[in-house]
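Please arrange chain B on chain A, whose structure you already have, making use of the hints.
2 protein chains.
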Amino acid sequence: MAEKGTLVVVSGPSGAGKGTVLNLVMETDPRFVYSVSATTRAPREGEIDGVHYHFVTRETFEEYIREGALVEHTEYSGNYYGTLKSEIEGKLEEGKNVILEIEVDGAMQIKSKFPDSVLIMLVTPDYKTLEARLRGRGTNTEEDIRRRLDRACEELKLMDQYDFLVINYDNMAQKAAEDILGIVSAEEHATARNAGFPERFFAED
Amino acid sequence: MAEKGTLVVVSGPSGAGKGTVLNLVMETDPRFVYSVSATTRAPREGEIDGVHYHFVTRETFEEYIREGALVEHTEYSGNYYGTLKSEIEGKLEEGKNVILEIEVDGAMQIKSKFPDSVLIMLVTPDYKTLEARLRGRGTNTEEDIRRRLDRACEELKLMDQYDFLVINYDNMAQKAAEDILGIVSAEEHATARNAGFPERFFAED
Numbered sequence: 150m151a152e153k154g155t156l157v158v159v160s161g162p163s164g165a166g167k168g169t170v171l172n173l174v175m176e177t178d179p180r181f182v183y184s185v186s187a188t189t190r191a192p193r194e195g196e197i198d199g200v201h202y203h204f205v206t207r208e209t210f211e212e213y214i215r216e217g218a219l220v221e222h223t224e225y226s227g228n229y230y231g232t233l234k235s236e237i238e239g240k241l242e243e244g245k246n247v248i249l250e251i252e253v254d255g256a257m258q259i260k261s262k263f264p265d266s267v268l269i270m271l272v273t274p275d276y277k278t279l280e281a282r283l284r285g286r287g288t289n290t291e292e293d294i295r296r297r298l299d300r301a302c303e304e305l306k307l308m309d310q311y312d313f314l315v316i317n318y319d320n321m322a323q324k325a326a327e328d329i330l331g332i333v334s335a336e337e338h339a340t341a342r343n344a345g346f347p348e349r350f351f352a353e354d
Numbered sequence: 150m151a152e153k154g155t156l157v158v159v160s161g162p163s164g165a166g167k168g169t170v171l172n173l174v175m176e177t178d179p180r181f182v183y184s185v186s187a188t189t190r191a192p193r194e195g196e197i198d199g200v201h202y203h204f205v206t207r208e209t210f211e212e213y214i215r216e217g218a219l220v221e222h223t224e225y226s227g228n229y230y231g232t233l234k235s236e237i238e239g240k241l242e243e244g245k246n247v248i249l250e251i252e253v254d255g256a257m258q259i260k261s262k263f264p265d266s267v268l269i270m271l272v273t274p275d276y277k278t279l280e281a282r283l284r285g286r287g288t289n290t291e292e293d294i295r296r297r298l299d300r301a302c303e304e305l306k307l308m309d310q311y312d313f314l315v316i317n318y319d320n321m322a323q324k325a326a327e328d329i330l331g332i333v334s335a336e337e338h339a340t341a342r343n344a345g346f347p348e349r350f351f352a353e354d
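So the protein lines, in turn, are chains A and B.
Counted from 1, the first sequence has number 263 at position 114 by my numbering; the numbering is strictly sequential.
Counted from 1, the second sequence has number 294 at position 145 by my numbering; the numbering is strictly sequential.
Repeated chains share a single entry, so a pair holds when one copy, or any two copies, can fit it.
Computed list of lysine to aspartate or glutamate pairs in EDC-like fashion (alpha-carbon distance at most 16 angstroms, straight line):
#1 277 with 353
#2 153 with 265
#3 306 with 348
#4 277 with 319
#5 262 with 238
#6 245 with 152
#7 153 with 238
#8 260 with 250
Read the hints as simulated data drawn from the structure, not as lab findings.
With the rest of the complex left out, here is chain A (with noise of 0.2 angstroms):
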């Protein structure tokens, strides 16, 4: 019912499968988009400028510090990661649904920053199942599966700092995407979002 779109910030471990389900959201429901995150790292293989980043030197990331022009930064493995603010207040202007899929330290900045903004975090069903799909994918070293999982375990103590828990059950990625579409139109009925009604109420048109 609100006009203006949402934030959605989703946040989960590795392995978790949050680029399919996001994927997934985004053809189910063309409302939602994904915010182009900046960062100094290079870019890998495949990988284009402002469609899976914007790929910007160190110079240029601190200067959006320093001007004020990111909402939400972290630095992480010697790379500056960021959402920049011009990246999401015109989408969300024009109504649309836009995902930051970023880190906790992130998340808690966007939370203080967008009050109105949706949390949600995205897990495996257990330890056991993230340790399968992570090995599963037979590009990491054993020694990146077991840095992977000792930050999942550190994220999930903070699933309390999240508004919503998202379950990606094995083969059920279409489940965990309307899980989310839910979850956000849910939010668009919060009284809290609609406060104009009673005024639209009464309007004589």
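Chain B alone, transformed into the frame defined by chain A:
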């Protein structure tokens, strides 16, 4: 994901279509059941004790009050109306989503006793539609219509005491029912209702 059912309070003006919409909710998802209110008013033609209401004497109702057997109650037009604790607690434990179709003051009592309950206000899109529906019934006197419209205005002022607003557009009761189903489904994903998840995540089964 939560195994216990959700207490769903639905209020809204007479003429909003609560009965139609809530019947569709229950037909669509059998996990939803009505709570049968207790009342001291006399049964109307066709009303069955234990189905439409628990019809009780004034003495019995006042005993319920003294014993704390009611989770909410109110007096209206000289009659008591209330919800028996026994009517809802067992059903919630069974995983049923229990619907209370009650007035605003009862809703406030429920919210304070059951903070996890979901309060939904169901309304017509505007005042003109509400008036047309009340007149369309043909069974109400002009005085009765005026009284119900005044009451609707009072109720709308309390909208922000509710969690969600659902609009029942003309000929779109199924959409309103789906909105309610979506809201309750989203609530089941609230992290506050899934505090036990991290433990289950790490459990060796």
